[in-house]
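Colleague: Here is what each chain is made of, one letter per residue.
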Amino acid sequence: MSGLFTMLTSTSRALDAQRAGLAVAGQNIANLNTDGYARRTLQLGDDQLGSVQVLGIQARRDALLDARVRHELPAEAREGAMADALSVVEASLGAAGVSIDGRLTAFFDAFAALAADPTSTVARDTVVAQGKQLAGAFADMSARFDASQREADSSIRGGVSELNALAARVSALNDAITTANGSNVSALVDERTLVLEQMSGIADVQVMSRTDGAVDVAIGPGQPLVVGGRTFALEVTDAPPDGFAHVMANGVDLTATLERGRLGGLIAVRDSAVPGYRAALDDLAYGITQQVNAVHQAGYGMNGTTGQAFFTPLTAAAGAAAAMAVDPAVAADSARVAASQGGTAGDNLTARALADLRNARGMANQTTFAEAWGQTVYRVGSDAASARAQQKSRHDIVTQVQRLRDQVSGVSLDEEAGSMLKFQRAYEANARYFTAVDDLLDTLLNMVRS
Amino acid sequence: MTAVDATARLTASLQAIAAALASPDSDALLAAEAGLAAAIGDARAAAAQGCADRAALRQAIERARAALARCRALGHSAGELVHDLLALQADGHYDGLGVIAAAAPRGARLRARL
Numbered sequence: 102m103s104g105l106f107t108m109l110t111s112t113s114r115a116l117d118a119q120r121a122g123l124a125v126a127g128q129n130i131a132n133l134n135t136d137g138y139a140r141r142t143l144q145l146g147d148d149q150l151g152s153v154q155v156l157g158i159q160a161r162r163d164a165l166l167d168a169r170v171r172h173e174l175p176a177e178a179r180e181g182a183m184a185d186a187l188s189v190v191e192a193s194l195g196a197a198g199v200s201i202d203g204r205l206t207a208f209f210d211a212f213a214a215l216a217a218d219p220t221s222t223v224a225r226d227t228v229v230a231q232g233k234q235l236a237g238a239f240a241d242m243s244a245r246f247d248a249s250q251r252e253a254d255s256s257i258r259g260g261v262s263e264l265n266a267l268a269a270r271v272s273a274l275n276d277a278i279t280t281a282n283g284s285n286v287s288a289l290v291d292e293r294t295l296v297l298e299q300m301s302g303i304a305d306v307q308v309m310s311r312t313d314g315a316v317d318v319a320i321g322p323g324q325p326l327v328v329g330g331r332t333f334a335l336e337v338t339d340a341p342p343d344g345f346a347h348v349m350a351n352g353v354d355l356t357a358t359l360e361r362g363r364l365g366g367l368i369a370v371r372d373s374a375v376p377g378y379r380a381a382l383d384d385l386a387y388g389i390t391q392q393v394n395a396v397h398q399a400g401y402g403m404n405g406t407t408g409q410a411f412f413t414p415l416t417a418a419a420g421a422a423a424a425m426a427v428d429p430a431v432a433a434d435s436a437r438v439a440a441s442q443g444g445t446a447g448d449n450l451t452a453r454a455l456a457d458l459r460n461a462r463g464m465a466n467q468t469t470f471a472e473a474w475g476q477t478v479y480r481v482g483s484d485a486a487s488a489r490a491q492q493k494s495r496h497d498i499v500t501q502v503q504r505l506r507d508q509v510s511g512v513s514l515d516e517e518a519g520s521m522l523k524f525q526r527a528y529e530a531n532a533r534y535f536t537a538v539d540d541l542l543d544t545l546l547n548m549v550r551s
Numbered sequence: 655m656t657a658v659d660a661t662a663r664l665t666a667s668l669q670a671i672a673a674a675l676a677s678p679d680s681d682a683l684l685a686a687e688a689g690l691a692a693a694i695g696d697a698r699a700a701a702a703q704g705c706a707d708r709a710a711l712r713q714a715i716e717r718a719r720a721a722l723a724r725c726r727a728l729g730h731s732a733g734e735l736v737h738d739l740l741a742l743q744a745d746g747h748y749d750g751l752g753v754i755a756a757a758a759p760r761g762a763r764l765r766a767r768l
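Protein sequences, first through last, are from chains S and H. Just so we're aligned: 346 in our numbering is position 245 of the first sequence, and the numbers increase by one with no gaps anywhere. Just so we're aligned: 753 in our numbering is position 99 of the second sequence, and the numbers increase by one with no gaps anywhere.
These are computed hints drawn from the structure, not numbers from a lab. A quick note: this is a predicted structure, and the numbers were derived from the prediction, not measured. Heads up, some of the hints might be wrong.
A short, non-exhaustive set of chain H residues, derived as facing chain S with CB atoms under 8 Å [said to hold, decoys possible]:
1. Arg698
2. Arg708
3. Arg726
Every residue, glycine too, gets a C-beta built ideally from N, C-alpha and C.
Extracted from the complex, chain H is given alone in its bound form (with noise of 0.2 Å):
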């Protein structure tokens, strides 16, 4: 497999990954890992040999980078959520229904981080 072709690879599961966290679907995320391993593994493979054509490999690594973001970037967005979620709850002032007066000081905390 060539550095171009492994990037590719390495973009399509960061792209599943990213794809399952805006669904969101658990189960896919969880599926997601073993394919962005694999594709880690053989991207390593594929840098030892060396490349080409290296405006392709650019290009490919541009992509990759954008997938990544967006993975980050969705994952930041509801790693948050879960956290104050859950916070919630374990403080007792969450009852599914309605955050009233602990959510209000908790969402202007949300906006000054972000």
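Only chain S is shown next, with the shape it has when bound in the complex (with noise of 0.2 Å):
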């Protein structure tokens, strides 16, 4: 009787053990396409009785290469915040002959006029809407630059507020997770490596395992981000001079640390690359009044005053595409514009050296002032093509990553390590060759060349 028992026992042991089995492969086949899970995996031993039991369900998640996908997020995240950034700004710059270059070419051809007829009042006229149309153009680039910075400030207080979000709900997890008392935390851990890969998106943050199955994360030079169950939450603080936000741990300003990620690609935008241009921009509206009021300078009006500035005086390059503007005497009458070089009625001299100016090569490395504006130009449009590319590269490697992760997880050790050397040797097999694909495509450049 005792042998029955324990005959029929064991079958409902083993049965169990099927049902068990089944189930967790329809929890995996349901969730073939969830985020962050990983699959699942019977747990079986032997019993008392020798039959099998089930001793549990295990995510098969691999630590290593989570960090991996965690260590690559970061960099594809920055290149495409400062892509998006850039396309903005490069939107920004108008198309090529109706933006800045525009109204330059538009100024020295209303000198251009004043030189073919001095006397002309409309000529003069002419002269003092399209200087002010040529301020007007700086100042409203300048607004937009000031606009990207703004935007992406406000995109940096965001993504603060988001970062302490998920690191809130990690310490709440990691909590959910060491109180458990043994019971099934795979969803959770699914669901923390999940949150973990969106910090990683926003910035660079070092994920450390505990023992006790919690996860403590850091950011910029080891600042706690979360430890255990507690948070320790960002914060952000208007800096002068610009107001713009600084990124505050524990009151360690961390903004200069903070290179990849989304934040770090914002940071980079917001003060580098625009102040960058904003700098260019600046010299240039710089450059064109000194050189225009020194010759204007020198010219007599109309109404025989000299000495009269066109554009009103910078004294520094720093604001100035911001503050160009015509001078008001220069605005409210135009018999001030200067066209002759001694004063004579007929004399064009400082209306025609006014109007060539648009050929002196006045900037740094001897460039024109519509050259300097396209150098701008360029530097913007392959600053936003450099950032779209890198992010293509970037997301080519996340991608790769997280499909060998989920590629290899769940199989065992052997398997794993087989897989991943069949890998590595198909891809040597291929690189072997890369070298004589360089020197073939250098020949074959050199084609081109000769």
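Both chains are given apart, each in its own frame, so use the hints to dock them into the complex.
Modeller: Put into structure tokens, the structure is as follows:
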């Protein structure tokens, strides 16, 4: 009787194990497309009756591959944020011929028309109007750069709030995992993995696993963000002189250390890229103001005035684009526009000299005003294109690592190692040709050059 | 085959390798090797004949260089991953489920190197 009972119990446990196995397989299939889901496997063991029993269900999560994904995500997110922000800056520069380059052409054309008829009031009024348009275009462009910086700043503030919310979620999940008292925590670990990946997209965070199943998260130079069940929220302070957000952790300014992730990209755009473009714009506005004024002040207006600046004089290049304006006295009376070099009626030498400034190589690197503007446009376009290309390349790598993780997670160590070695050998088989390809492309390039 | 066509074929071979690396698909990667070897042979032969359309060839070369750079970036990433995974397994620190203490310093080293 005892033998029959044992046999029935043993069979029942075996059936339970089979049923549990089917349930796990069903769960794996149902969650095939769930972000962050790690495949479950059934842990079986011998029981005292010589049959199998279910020991538990374990998520096959590969910590190294998870860490590698988190390592690659910030680089992709940084380039993505930069590409998005710089594309907006690029669009704000306007199309060729209708932006500052078009205003420059119209401005110098107006002086050429004045040279053709130096006593014409209409020609003088046109010069003043085109001067205002040119100054307005610089101020408008400077305001667009301001807007780009403010937009990046606003996104940085939003990113910090998002990061704090995610950090709070990780600490809550840590609490839930460490107090689970042996119940299955795979779903919680899945969610935490996903949250950690979202955090890595915002900033380059370091994740350290603890023996109790919790993780600690640090940011920048080791500043704690999550320690077990505690969150150390980042703060944002408005830093002078522009009031832009600085990211603080426990009183330490992390802004300069946040190089990767979306925050890193936005900080680079706000504090490095756009200020660089603005400096080039200011240099151009300052150069035009100085050179036009130098020639104009040496000439005579129709009313005999001399020493008159055409643009309001500027003391420094910084802020020149925003401050550029036609001198109020000239704006009020176009007779003060200097066309004559000697003060005699019909003398057009100053107007001609001013018109000829369009071809003067008075900017840095011996460039004309139009060429200097072209260089700024090229620089913005090149930076945006480079960020887009980098983002694509980084995205490739993130996808590759994520897929590798999905492929190897859940197989045996031997299979995993075998699969990885096969992949590495397959790459090496191709990579040995790469030097030959390099040499061949050099040869072909020489054919193009010769 | 003209130099432009041969360079385009070389680019296609490199793109196939990049796609296999990104998938990642070992079988496709192995299968791509023969295509690359053949494309190199064609391009060498075409280079010896010269080229009339220099602008088109220049563009084709740029595309090939971009594809080669993509292969190298993906190969580098996969190579590092494989190397570290196997090294951890060989050290006995790796159980496939949780590389706890061992992964953290290696992660820091990876960050420093990249």
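Colleague: Next step is simple, just say for each hint if it's right about the structure.
Modeller: These are the hints, each one checked on the structure:
1. Arg698: Nearest chain S Cβ about 6 Å off; hint holds.
2. Arg708: holds (5 Å)
3. Arg726: Holds: closest Cβ of chain S sits about 7 Å from arginine 726 (chain H), inside 8 Å.
When held up to the earlier numbered hints, the structure conflicts with none and fits them all.
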